[in-house]
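Undergrad: Join the two chains into one complex using the hints; note that each chain is given alone, in its own frame.
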Amino acid sequence: MAQGVCRYASIMNGARQVLFHHRIHKVFKQHLVCISVWEKDKKGGNRKPYPVSHIEMIKDGLKMMGPEMKKFGDEMKHKFRADPFVNINDGDYEYIWKFNDRKRVEEWIVSSDHDNNEGQSKANLTFSTNNTALFHGYLSQQVPKDGVVKRTGYCNIRSPTKFLSFKREDNHDWSCFTHLLMRVRGDGRPYMVTISMDRFFDINWFDQYHYTLFTRGGPYWQIAKIPFSKFYVTSKGRIQDKQEPIQLERITHLSITIGDGNEGPFYLEIDYIACMFDENHKEAFAYESYVTDPAHVNT
Amino acid sequence: MLGRDEKSIEVQKQLFIKSSSLFEELAQKREKDKLTFCSAVQLYITKELKYRRGHVEFIYSALENMERFGVHRDLSVYKELLEVFPKEKMIPRSTWQVEWQHFPKQQQCAIDLMDQMEDYGVIPDHNFGARLEKIFGTEAHAFRKYRRMMYWMPKFKHANPYPIPKELPVDALQLALLALKRMSVDRDSEITVWQGEGVDGENTKETFIASSQSHTQKSLIEKHNSDTPLFVEGGFTCWLRYASMTYFILRADPDKKMLKRYAEAEAAAASDDNLFNWNLFWEKEEAKSIVPQRSVHEQDDGTVLAMVITGNATKESLVSWVRCLQTTNPALEKIPVVFKLRTPGSEIQVIGNKDKDLQLAKNTE
Chain A
755 MAQGVCRYAS IMNGARQVLF HHRIHKVFKQ HLVCISVWEK DKKGGNRKPY
805 PVSHIEMIKD GLKMMGPEMK KFGDEMKHKF RADPFVNIND GDYEYIWKFN
855 DRKRVEEWIV SSDHDNNEGQ SKANLTFSTN NTALFHGYLS QQVPKDGVVK
905 RTGYCNIRSP TKFLSFKRED NHDWSCFTHL LMRVRGDGRP YMVTISMDRF
955 FDINWFDQYH YTLFTRGGPY WQIAKIPFSK FYVTSKGRIQ DKQEPIQLER
1005 ITHLSITIGD GNEGPFYLEI DYIACMFDEN HKEAFAYESY VTDPAHVNT
Chain B
342 MLGRDEKSIE VQKQLFIKSS SLFEELAQKR EKDKLTFCSA VQLYITKELK
392 YRRGHVEFIY SALENMERFG VHRDLSVYKE LLEVFPKEKM IPRSTWQVEW
442 QHFPKQQQCA IDLMDQMEDY GVIPDHNFGA RLEKIFGTEA HAFRKYRRMM
492 YWMPKFKHAN PYPIPKELPV DALQLALLAL KRMSVDRDSE ITVWQGEGVD
542 GENTKETFIA SSQSHTQKSL IEKHNSDTPL FVEGGFTCWL RYASMTYFIL
592 RADPDKKMLK RYAEAEAAAA SDDNLFNWNL FWEKEEAKSI VPQRSVHEQD
642 DGTVLAMVIT GNATKESLVS WVRCLQTTNP ALEKIPVVFK LRTPGSEIQV
692 IGNKDKDLQL AKNTE
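Here the protein sequences line up with chains A and B, keeping their order.
Here the first sequence stands for residues 755 to 1053, numbered as in my numbering.
Here the second sequence stands for residues 342 to 706, numbered as in my numbering.
Isolated chain B, as found in the complex (with noise of 0.2 angstroms):
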């Protein structure tokens, strides 16, 4: 901005103020929406189909506001805004002219209008480049950035061993049901939703309780003593992509007793003592005791015995799913159910070393 006159500053200025109060205003008359969002581009080109006059300041301030139109993650938005440019103009002729960036002002925005695809995790298709090629020919800088996308993005899109899909549901049960799959482990697990007036508990008329639980968590619970205590600990924070969700488990102190004869087994089963139970090659080789197997549900901190999700994340909701738990786990019944629950934003109390901090910390307690 430094090297140029004040007058060009203001006449970008200018322009960039009239191309945003085009959306503002058509985000005020009608819905916020594609049909909109590209109504306005139209809107633009029609207006300047000779000249366009302002088109970069007109393209940053609708990269500005695509979110807010909801299209900010669809692709064939990005090429109806690639339109905006001129065609066949901006084409470097020459080795210099590619060397000393054609159109730097132009190219950047094309860049920026990538830069902020790659954001959303938008991945370009080959119309998209044959859109740009008649703008900025093949040898561009704006060019190569859209090569480098096409060259790193699908070799990343299926990276994630645990996939989300790409188009999130916007119902808050269906992506629920999406995090709670997602979250267990056990393959056996079932997810059961309880939603309506059939439930009791008052709240579950408007919200829902989606759980995940096992057979071997329902068998973990029947092997529990009664006299010990199970927790209901939450809200934990769980992304899908872009959308959070908050979860409750269902939780047993650990059964050091039987980790340790795991971890025992464990070691045996390792160790090469006991590589063969024989001594003589014609003899049988027999187990002489039943090795636990240990499920994946009883981990170091804690058994885990259910998930849930639910609407509205409320005490008394979790109330109603335990209650839910006890018609297919009646041993659920006798035992005492401690809720240990925190405001799912509320941030993790840090206890340091220095007295300050423990002070502190009792203070809030």
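Okay, chain A solo, but in the shape it has when bound (with noise of 0.2 angstroms):
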């Protein structure tokens, strides 16, 4: 019986809404989704065992006090000078992340496939000879001959997480803005940039935000500036009925992926990653939001 509901679970869930015309947005792993009412963990069954004991944690946390205090006192100034608001005009933007250094490329998430055994694509996030982030590797669509992966291929960067003194995370508020620039030169390959936030209920800890990098491909730069009302919602990897505009209040990471199903070698240069406030910019969400039969939708 348990059988035939996590059966019952795939086909729902196999109804894999979306997958568009470049073959950007794909679910990688199809297995057998047991249905429970309630999620165990937030990283949804990839976490892995720490690999320090709790004794060397507490040595390593103890090395960290000097630097965390000192930090908790800038913030404390920073709270009780108390900075004035700032009014934000049209075409002002701020780099969130901008690559000329070597340490700000280093703290980034780089991630594939292969290491959640799940394929063979290797991926690099390099500081390269021109002062910029170099995201580079090789995709394979090779599928592990494990019986449950059903397609593959996928490599991905992450932003580091914010924190504030003793390690408390920390979220981006990117609400008085309209849109995402980044300064990139790629391959001519599609990349999908994911943006995460930080939801307090299980039911909302897979959301994510996303939208499609185009790249020209060529030694030229381009500036790709994506407006944050084209981000759609997905939840573990598929494209939710009901859509929502993003809340930028809280966001926790931003990523970018390659997983067009090509296989063969990609390269992504990164300059910066900004957001940007354009006071024409009047679209508040690009996808309908009319309320459909309540009997299919995310079903």
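A hint or two may mislead.
Stated by the list, open to error - FRET-style restraints, in silico, Cβ to Cβ:
1. A/Ile863 with B/Pro495: 27 to 37 angstroms
2. B/Trp441 with A/Glu998: 23 to 33 angstroms
3. B/Ala500 with A/Ser989: 39 to 49 angstroms
4. A/Glu998 with B/Ala500: 14 to 24 angstroms
5. A/Ile863 with B/Thr684: 27 to 37 angstroms
6. A/Glu998 with B/Lys359: 42 to 52 angstroms
7. B/Asn618 with A/Glu861: 43 to 53 angstroms
To be verified - Computed list of lysine-lysine pairs in DSBU-like fashion (alpha-carbon distance at most 30 angstroms, straight line):
8. B/Lys597 with A/Lys857
9. A/Lys904 with B/Lys498
10. B/Lys375 with B/Lys430
11. A/Lys899 with B/Lys597
12. A/Lys796 with A/Lys817
13. A/Lys796 with A/Lys984
14. A/Lys990 with A/Lys916
15. A/Lys817 with A/Lys904
16. A/Lys904 with B/Lys373
17. B/Lys629 with B/Lys675
18. A/Lys904 with B/Lys348
19. B/Lys359 with A/Lys899
20. B/Lys375 with B/Lys391
21. A/Lys996 with B/Lys388
22. A/Lys984 with B/Lys675
23. B/Lys375 with A/Lys979
24. B/Lys446 with A/Lys899
25. B/Lys388 with B/Lys359
26. A/Lys979 with B/Lys446
27. B/Lys656 with B/Lys559
Stated by the list, open to error - Stretches of chain B that chain A covers, calculated by requiring three or more beta carbons in the stretch to come under 8 angstroms of a beta carbon on chain A:
28. 557-566
29. 647-659
Treat the hints as calculated values from the structure; they're not laboratory data.
The beta carbon of each residue, even a glycine, is placed where N, CA and C say it ideally should be.
TA: Next comes the structure, spelled out in structure tokens:
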């Protein structure tokens, strides 16, 4: 019977909603998902055990006390100084990540299907000689013969977690901006930009907003200006029937994924990722939000 | 699989083998094309006209074989495959039947078929939906999948600001022209093709040289100091959906003096101090100096002077490309050209912080 339930779940989810024209948005792992009413883990089962023992963790933690106290002091100073609210004007932008430093590039987290035993792709994020970040590697479509994974091939880079003092997790607040700006030089492949947010209830843990970063290819730099209104919501890699505009108050991570289903080398050079305010952008959400048949939505 | 008895698993395996062997047989006997593939489907339908035994297994093996027959991007073939399902037998009659996945194996098979369509960017049409409706009805999960595809896929169909035609040409030269056209930022760029025996250099007899260069790039070569070398760099990969190509560029090191001047000019234009160049209202505003305009080719990491895709991407073809360029750029004859090439497939050497990596990199040099 348990098997029956699992099967049912997989079919329910198996109504994989979309994968668009350029094969960007792809669900790579389609295994039997057991239905449960709650989520156990924020990482969705991909969590790995801590590599060090508790004693070592305490030792490392004590070493951090000095710098963290200093950081805490700075935060307090900043708080009591109460920096004035700055009005934002049309065309104003802010660099969120500018890759002109080796350290900033190394903070980013690189992963690929190989890390989760789901494929053979290789990825690397390096500080290039042009003072930029270079995301490159080899996208492999070779499916491991484990009988579970149906299709594979993805590589991903994710922004570092923002921390307050004492390693408290902090979020980005981009609510005053309308666009995402990226100066990139790619190889003509489409990449996927993912924005994930900090949400309280487990039903929303896996909500992510996506849009595609289309690259031109060739030796010239391009500036991609993607409106936040175009981002659509997905959960566990499946586009949702019930769409709602992105809420930019509590952004945890931004990641860039390659997974267009074509085997071969890829490279994407990134100069900066910024947010921008465009006064003339009035669109709240690019997709219709009419009510559809409630029996069919998200089933 | 665990919940089922071994006998039915065995039967399923046998059916799958049987239908794959049909495709195998036809692939060996006839040409691997749409006609052969569709005839295999028709063969099955005529044989199983009444009972459609093992049609799920047949469709799965057909999906696997589609790429081999070159029909994986053809909507009409997917429609043909839908005909294999028995009609009107699997339409749910009540809400309970809908929710408990009426004919789950068959529905999952149809969903997998549509999954494959998605993967290859095949957008269904209304006719496809009508056929699906006859099989599963409008309430089934398989039909919901179709509706979702019809909502989202056309939305992103034209999302790419650098569009690529849906059907890519098979000819390498046409593909190269497409890629060059897409990569050339300068609208003024002219794409020249040298082909055949008219070009000096032996290799061009069989292959081609497609080169892109604009007037601005030509004048940049003219202005270039003949003491400093130019570089032919590559091969870089460039993708057009599923086709990848290797291109090379003719590049000059960045002209730091000019870049500095551009930066100063940009800063001056952006600053509010220079908003008005007059003190009194009746004073005439006149430009004090000629502000250099930075072209798109002059980037911080180098100046792109030309791009090329050759048929075989060999060094010989690149040498003859430079010779061909000399006919339109006489200044190029005096400038030394250095070839900095790497094999297109080779991975980028990463030199890390660790001493070990540095040593490795030194050894390979």
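Undergrad: Hint by hint, note whether the structure agrees.
TA: Hints, one by one, checked against the model:
no.: 1; hint: A/Ile863 with B/Pro495: 27 to 37 angstroms; verdict: 35 angstroms, holds
no.: 2; hint: B/Trp441 with A/Glu998: 23 to 33 angstroms; verdict: 30 angstroms, holds
no.: 3; hint: B/Ala500 with A/Ser989: 39 to 49 angstroms; verdict: 21 angstroms, violated
no.: 4; hint: A/Glu998 with B/Ala500: 14 to 24 angstroms; verdict: 20 angstroms, holds
no.: 5; hint: A/Ile863 with B/Thr684: 27 to 37 angstroms; verdict: 30 angstroms, holds
no.: 6; hint: A/Glu998 with B/Lys359: 42 to 52 angstroms; verdict: 49 angstroms, holds
no.: 7; hint: B/Asn618 with A/Glu861: 43 to 53 angstroms; verdict: 46 angstroms, holds
no.: 8; hint: B/Lys597 with A/Lys857; verdict: 26 angstroms, holds
no.: 9; hint: A/Lys904 with B/Lys498; verdict: 25 angstroms, holds
no.: 10; hint: B/Lys375 with B/Lys430; verdict: 29 angstroms, holds
no.: 11; hint: A/Lys899 with B/Lys597; verdict: 54 angstroms, violated
no.: 12; hint: A/Lys796 with A/Lys817; verdict: 28 angstroms, holds
no.: 13; hint: A/Lys796 with A/Lys984; verdict: 26 angstroms, holds
no.: 14; hint: A/Lys990 with A/Lys916; verdict: 23 angstroms, holds
no.: 15; hint: A/Lys817 with A/Lys904; verdict: 46 angstroms, violated
no.: 16; hint: A/Lys904 with B/Lys373; verdict: 25 angstroms, holds
no.: 17; hint: B/Lys629 with B/Lys675; verdict: 36 angstroms, violated
no.: 18; hint: A/Lys904 with B/Lys348; verdict: 25 angstroms, holds
no.: 19; hint: B/Lys359 with A/Lys899; verdict: 22 angstroms, holds
no.: 20; hint: B/Lys375 with B/Lys391; verdict: 25 angstroms, holds
no.: 21; hint: A/Lys996 with B/Lys388; verdict: 44 angstroms, violated
no.: 22; hint: A/Lys984 with B/Lys675; verdict: 52 angstroms, violated
no.: 23; hint: B/Lys375 with A/Lys979; verdict: 42 angstroms, violated
no.: 24; hint: B/Lys446 with A/Lys899; verdict: 22 angstroms, holds
no.: 25; hint: B/Lys388 with B/Lys359; verdict: 13 angstroms, holds
no.: 26; hint: A/Lys979 with B/Lys446; verdict: 44 angstroms, violated
no.: 27; hint: B/Lys656 with B/Lys559; verdict: 23 angstroms, holds
no.: 28; hint: 557-566; verdict: violated (count 0)
no.: 29; hint: 647-659; verdict: violated (count 1)
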